Structures are given as C-alpha cells and as structure tokens.
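Asks: Each chain is listed here by its residues.
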Amino acid sequence: MNKILLIIQREYITRVRKRAFIIMTLTVPALFALMFAVIALVANQKDETKHVVYVIDNSGAFERRFRNSQFIKYVYPHKSVSDAKKDLKSDDDLVLNIPANTKDTVELSSKKKTTLSLADNIQGQMNDIATGAGMVKAGIDTASLHKIKSNVIIKSTEITSTGEQGTNIGATYALSFAGAILIYMSLFIYGAQVMRGVIEEKTNRIIEVIVSSVKPFQLMMGKIIGVGLVGLTQFVLWISLSAGISYIIGGNTSPANTALHSFLHNLGSNAGYELFCFLFYWITGFLFYSALFAAVGSAVDSETETQQFMFPITLPLLFTYILSVSYLFTVPDSPLSVWLSIIPLSAPVAMMMRIPYNPPLWQLGISMALMIVGFIFTTYIAARIYRVGILMYGKKASYKELAKWFFYKE
Amino acid sequence: MLSIRNIVKQYAGHTALNDVSLEVKSGQIFGLLGPNGAGKTSLIRIITQITGPDSGEIFFNGEKLNQSHIERMGYLPEERGLYKKMEIGEQMIYLARLKGLSRDEATKRLKVWFAKLGMETWWKMKIEELSKGMQQKAQFVATVLHEPDLIILDEPFSGFDPVNAEIIKNEILDLNKKGATILFSTHQMESVEELCDAIVLINKSKKILEGPLKDIKGAYRNDVYLVEYEGKQLSLNGAAPFEVIEEIAGEDNLHTIKVKLKGGSTSNDILQYLIPKTRVNMLKEVIPSMNEIFIEKVSKIA
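Chains as they are written, first to last, in this note's numbering: chain S, 360 to 769; chain U, 18 to 319.
Chain S on its own, in the form it takes in the complex (with noise of 0.2 Å):
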C-alpha cells in the first residue's frame, strides 16, 4: 500500500512539475478573465456620441412626438430631403425620412453607417408613436392602457416533493452542459495521459525496474490515481483562479460579476447536487475508462499503434457526445437517453446531461451503481493485460493476443 502511495507521489509531482501543466492551468483562466473583460467592456460601451436627427416627415404624424434622450436630438427642418442631406454638418447626424404614407419605407441616411441601437431607438419610437395614433383613432384611452400594463417577467418553479422550488432552468442546463463537455474531454485529455506514461515506462524499459520493486497492478493503479488527482488539481485551480481573476477584475459591481452571481444564485440548492454529481462521474468515468487505456498503453510498442484499441474504446463517449445537445437535451426520458445514462460506457457523459431534468432516483442509483462495478470490472480486466502487455516486446498486438494474454496464469 505504502509503494502505491509512492507511485501516485511520483506520478502526481512530475506532471504537475511540467511546463506544460503550468501553462494549461494558467491559461484557461486567463482566456476565461479575457472572456468575462470582453462582456464587461462590451457591456459598459455605450455610444456616447451625440447625434441629431433632421425628421423630415412627409405623413405628419410624427411631428415634434419624437422624446429627445441625453445623446439623440430630434429636429424638424422642414426642408427637402436632399437640402437637408446637404445640411449635415456633423458625421454624426443623420436625416430620417418618413414618406407620407407611413407603410412605405422609412429612411434613414446618415454618412456614417448608422449604429443597432440608434436605429432600433428611433423605429422603438415610432412604432409607440404609431400606435398610439392608432389607438387615438379607434378610442383606446392611451393613458389608462399604460397603467394597466406592467412588465411580466417569467419566472419558472418546478414542482417537487419537497414543494416547490425557484429554479434557474438556463443556469442548470449550462452548467450539466459544461460538466458533460468536460468530463468528455477530461476522460481523453487525462486518459491519453495514462496511456502515454504506460507506454513511456515501457519504451524506456524502466518497466523491468519498477515490476521487480512493486506488482504490476500497484503500478497501474498508481498511475490512474496520480493522474486523476493531477486532473482534479487542474479543474480545483481553474475553478478557483477563473473566480479570483473575475473578481478582481469586475469588482462587484460589473455586470460580468453581477452576472456570474445570479448565475450562482439561481442554481441555488441544485448547485451541489451538480457538483456531486460532476465529481461522481467524472472519477468514475475517469476509473473506468483510464484502466482500458492503460491496458492499450500495455499492449503497444509506441503512440502510433494506438489506432486500432482505441476507435472502439472512444466510440460509446463519442456517440453520445454527438447526441448529447440534439438529442439527449430535446428527449431525456426516451429508452434510449436512459440506457445510455445507465451503461456505464456513455453514462459519465449521458446522465450528467439528464441531470437538469432530476431523473428519478432509482435511474440515477442504478446508473452510479454500474459505474462502480465497471470501473472496477475494467479495472479487472486492464490489469490482466497490463502485466503481460508491459513486459512484451516486438510483438504485434492483436485482440486474439489480449485475450490470450487475459488468461495467462500469474
């Protein structure tokens, strides 16, 4: 037991020693902080510039109704539209052309390309201008109507047995969505890794070495461990780095930040059983699939023999990858969304995407039960092969080889 703890040591400090390591856990939460300025200056830029419009209005209707704001001035010249084009002193003016009959087009001319929101705060006007007139005209008292009227913000609760509770459907989503993605990528990122350091061991011929001080499976089985803690250290520091940095540039005022908390807030309670969930799956899921890859890594002379072992292994995670946003999202309670989520093949990937849509319990026991008894199948199974696979040179690997080397005796 002692040895393990010193083969997940080594394991663990030389990867997080790696320049490599260094770089990756600093520079996703630097795009992240890049991010989160980009939203927060995107959201802070207003158009301060001052812009004044020559209304020529040809129906009438509009006249003097256009409400001045603090940077667009309304005017009504009363000239031709060419004289009035003519007459734009600043590049910032712009002259709106409103034909006599209002369902014509209207225009609006300007030398420089005309902004969103300029645009949409002139037609947001005279849309309310239009109908309003048109109320007038059929007798509708304008005035009472907007007090009756009042902003309808939906709020969505869900009915559970403990009542019910306000939830944030989006915020939820995002975030099952986000965990699945990255236990998907972890799984490859971290179980390439795996396979990597196997095969590197055997190259090197330290193997010989380390096999004579420890058992094949303490090797293994240090390794796995070593390099998912090395995966959960990443994940920890991003997490946390990508939360300082955002803190420390938005302060608590910013909408990046503001944004980031009602994020938070409205996962509310379901925030850890997400996260448990996440972690669940993602260990289990990382068990399981990094002992196959171990196994590949055993069997292998070198990185480019890989090919053959891993097509099969990668393609129960990848299919439902490809399923998780139009399917498993569209249809979370068909046959197929919970034989997926239940085998442990797709599960780690498939459940936590039907995680927002609270499948019942004894899908989710089932499902978390599987995953044990998988990853310590395959886990079974890997160390069968790695302690041949590891001291086999030369020899190409077939899946008849594997499965006679399965059956060797100790």
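These are calculated hints, taken from the structure and not from any lab test.
Since the model is a prediction, treat every value here as computed from it, not as a measurement.
Glycine is no exception: its CB is placed at the ideal position from the N, C-alpha and C atoms.
Among the clues, some could well be false.
Stated by the list, open to error - Listed next, the in silico SDA-like pairs over lysine to any residue satisfying Cα-Cα at most 20 Å (straight line):
hint : chain 1 : residue 1 : chain 2 : residue 2
1    : S       : K759      : U       : A29
2    : S       : K763      : U       : D71
3    : U       : K102      : S       : K759
4    : U       : K101      : S       : L365
5    : U       : K101      : S       : A379
6    : U       : K141      : S       : T373
7    : S       : K768      : U       : N35
8    : U       : K102      : S       : R374
9    : S       : K768      : U       : A29
10   : U       : K102      : S       : K755
11   : S       : K362      : U       : L118
12   : S       : K768      : U       : H31
13   : S       : K755      : U       : K101
14   : S       : K763      : U       : H31
15   : S       : K754      : U       : G54
16   : U       : K42       : U       : E74
17   : S       : K377      : U       : K143
18   : U       : K102      : S       : I381
19   : S       : K362      : U       : R120
20   : S       : K755      : U       : H31
21   : S       : K755      : U       : Y28
22   : S       : K754      : U       : E95
Said to hold, decoys possible - Derived coverage of chain U by chain S (criterion: at least 3 residues anywhere in the stretch with Cβ under 8 Å from a Cβ of chain S; other residues may be distant):
hint : region
23   : 61-68
24   : 110-118
Based on the hints, put chain U in the right spot on chain S.
Replies: Showing chain U alone in chain S's frame:
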C-alpha cells in the same frame, strides 16, 4: 540461499523453462549461462517475482519465495532504462524507496555511492542529459543501493568502456565480499572465468550443465598439453606416449606443439620422452575455456 526446484514455465506455443532446478549457495557469484532465447530471462523474471512459474518452487534462504523477499533482491535487467525526464538523484531515491528504504537512508547511501564512483555532480541532471555509460553506472547504483542479499545482474558489463567495466567489476567483487550473493547472466565467458564460483548452463529451456566452475573445467580436461621446445624439429614415432594434434608455430629453433596423451600416460611421461631428445622450454596443460565448453555443450545439443 536460493533453491530453484523443478521450474516449468510455458508461454503460448513454447516452453521457456522445462523442469529447471538449481542451487545458489550463499556468498557465491553464480553464473547463469546460455545462448539467446534459452530461458535465462524467464528464469530471472520468476526469481524476481515479475512472473510466476507454471509449476515448481523457489526457496529463498529456506523460505518459500514471497513478496517480502522482493526488498532483499536487486535486479539489473539486460535492457536498461530509467525515467528520461527525471533528475537522477530524485530518481535513485524513488527507486530505493520502492525497495523499502526511507528517504533519508536512501539519500545518505546515495551520497556515499556517488562520491565513490565520481558522480557527485550528476545529482541534479536529468537522465537524458547523461551518456549511455553514465546511465548504466547510475542504474547499477540503483540496483544495489538498498544493499540486497541477492543481486541479479543481466549482462552487467555491456555498454561500459574497459575502465568503467573494471570499476563495476571491482564493485561487484566488493559487494560479494561483504556478503551479497550474486546471480550473474552473461555471454562474456572471460568474465565468467574471472568472477564465477559456480555456473549453470541452460539451453533450449533445459539445464544442461551445473556445478562449481573448477569442477566443470576439471571434468572437461582432455589430456591435451602444449609443449614448447628448442632445437631441431623432432620427428616422432609410435613410441611417444602422446599424439601430436597440432603444430602451432615452427621457427628455425623454436617449436610449439599441441599433444594429446595416449591412454594411461601422464604429463611426466611426455617429459621423460622428450628430455633426452630436445630442450623443453614449457609444458602446459590445455584446459578448455568456458567459451569452448559453452560452444561444445550447446552445439552438441543443437
């Protein structure tokens, strides 16, 4: 010390070891010989518990071989290898700790070894920065750092220049003097003659020869002598107690011949026959070298 009894190991399609038994006595330097593919590595892997035998038993100091013996063995495989990206000091300590040494003890001993072999400046270097010979030296240290009772060396001198090979040879002898038993597999027969107390020869998965080196060589004495004499070349007739097998060198005055005794006669008979006729410079028994014994034994079976 090590008693190997009726070991059988089969891989799919072929038998690597067929009923092999041998005894290694405590304090011996024991040579494990055999042509390529004879089953030496398979046997070593069974002793080091990397694999297990299909049948047969091994006893280590009278106890049935088990996990606890791993820490009392040191194994230098034929195919050397270390972690390329790891610093050498750290790596040596890691390997020693896998053999049950504490970090402090490993560090202490390693410093002694490094000083002894002139490796002090290597501590912080990565393996990939070292030459092949330097890596070999480091790996030798890693093999013996935990002061094992049984040291298993597979081709320990390959990859060393003559100077370093001599250094390593002396270290091996030194370790042996301090009480370590050494099991030593090689194709270099000169080093076998120089170092080994006893040998076993394995061919085609079977043991074909075993015993103390002296006895084996004694058994292979075939009454062949080398004679050098001065003077005119002798013409020999049937009365001589020997037959000339080979005329090796014949200068004007100096002649060397290889002779084989006829049944019942001794080396003294050679002298008695020759002395009246010529002046004998040298008479020496030709004992077959391990190399010759090896080739003879192996090719007889093949």
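Asks: With reference to the structure, classify each hint as holding or not holding.
Replies: Going down the list of hints, with the structure as the test:
Restraint check for K759/S and A29/U: satisfied, since their Cα atoms lie roughly 12 Å apart, inside the 20 Å limit. Pair hint K763/S plus D71/U holds up; C-alpha atoms about 15 Å apart against a cutoff of 20 Å. Distance restraint check for K102/U and K759/S: the Cα-Cα separation of roughly 35 Å exceeds the 20 Å cut-off, and the hinted pair is therefore not satisfied. With a C-alpha separation of about 18 Å, the suggested pair K101/U and L365/S falls inside the 20 Å cut-off, and the hint holds.
Note on K101/U and A379/S: the hinted pairing holds, with a Cα-Cα distance of about 17 Å set against a maximum of 20 Å. With a C-alpha separation of about 14 Å, the suggested pairing of K141/U with T373/S holds against the 20 Å cut-off. As the CA atoms of K768/S and N35/U are separated by approximately 17 Å, the hinted pair is consistent with the 20 Å bound. For the hint pairing K102/U with R374/S, the CA-to-CA distance comes to about 11 Å; that is within 20 Å, so the pair holds.
For the hint pairing K768/S with A29/U, the CA-to-CA distance comes to about 11 Å; that is within 20 Å, so the pair holds. Restraint check: the Cα-Cα separation between K102/U and K755/S comes to about 27 Å, which exceeds 20 Å; the hinted pair is violated. Restraint check for K362/S and L118/U: the C-alpha separation of about 11 Å stays at or below 20 Å, so the hint holds. Between K768/S and H31/U the CA atoms are separated by roughly 15 Å; this keeps the pair inside 20 Å, and the hint holds.
Of the supplied pair hints, the one linking K755/S and K101/U is violated, its CA atoms being roughly 25 Å apart against a limit of 20 Å. With a C-alpha separation of about 14 Å, the suggested pair K763/S and H31/U falls inside the 20 Å cut-off, and the hint holds. Restraint check: the Cα-Cα separation between K754/S and G54/U comes to about 15 Å, which is no more than 20 Å; the hinted pair holds. Our distance criterion of 20 Å between C-alpha atoms is met by K42/U and E74/U, whose separation comes to about 17 Å.
With a C-alpha separation of about 14 Å, the suggested pair K377/S and K143/U falls inside the 20 Å cut-off, and the hint holds. A threshold of 20 Å between alpha carbons decides the hint, and for K102/U with I381/S the separation of about 17 Å falls inside it, so the pair holds. Of the pairs offered as hints, the one joining K362/S and R120/U holds, with about 13 Å between alpha carbons and a cut-off of 20 Å not exceeded. Note on K755/S and H31/U: the hinted pairing holds, with a Cα-Cα distance of about 17 Å set against a maximum of 20 Å.
With a C-alpha separation of about 16 Å, the suggested pair K755/S and Y28/U falls inside the 20 Å cut-off, and the hint holds. Distance check on the hinted pair: K754/S and E95/U sit about 19 Å apart at the alpha-carbon level, within 20 Å; holds. With a cut-off of 8 Å between beta carbons, the region 61-68 of chain U has 5 residues touching chain S; three or more are needed, and the interface restraint holds. Taking a C-beta to C-beta cut-off of 8 Å, the region 110-118 of chain U contributes 5 residues in contact with chain S, enough for the three needed, and the coverage statement holds.
Checked against the numbered hints given earlier, this structure breaks hints 3, 10 and 13; the rest are met.
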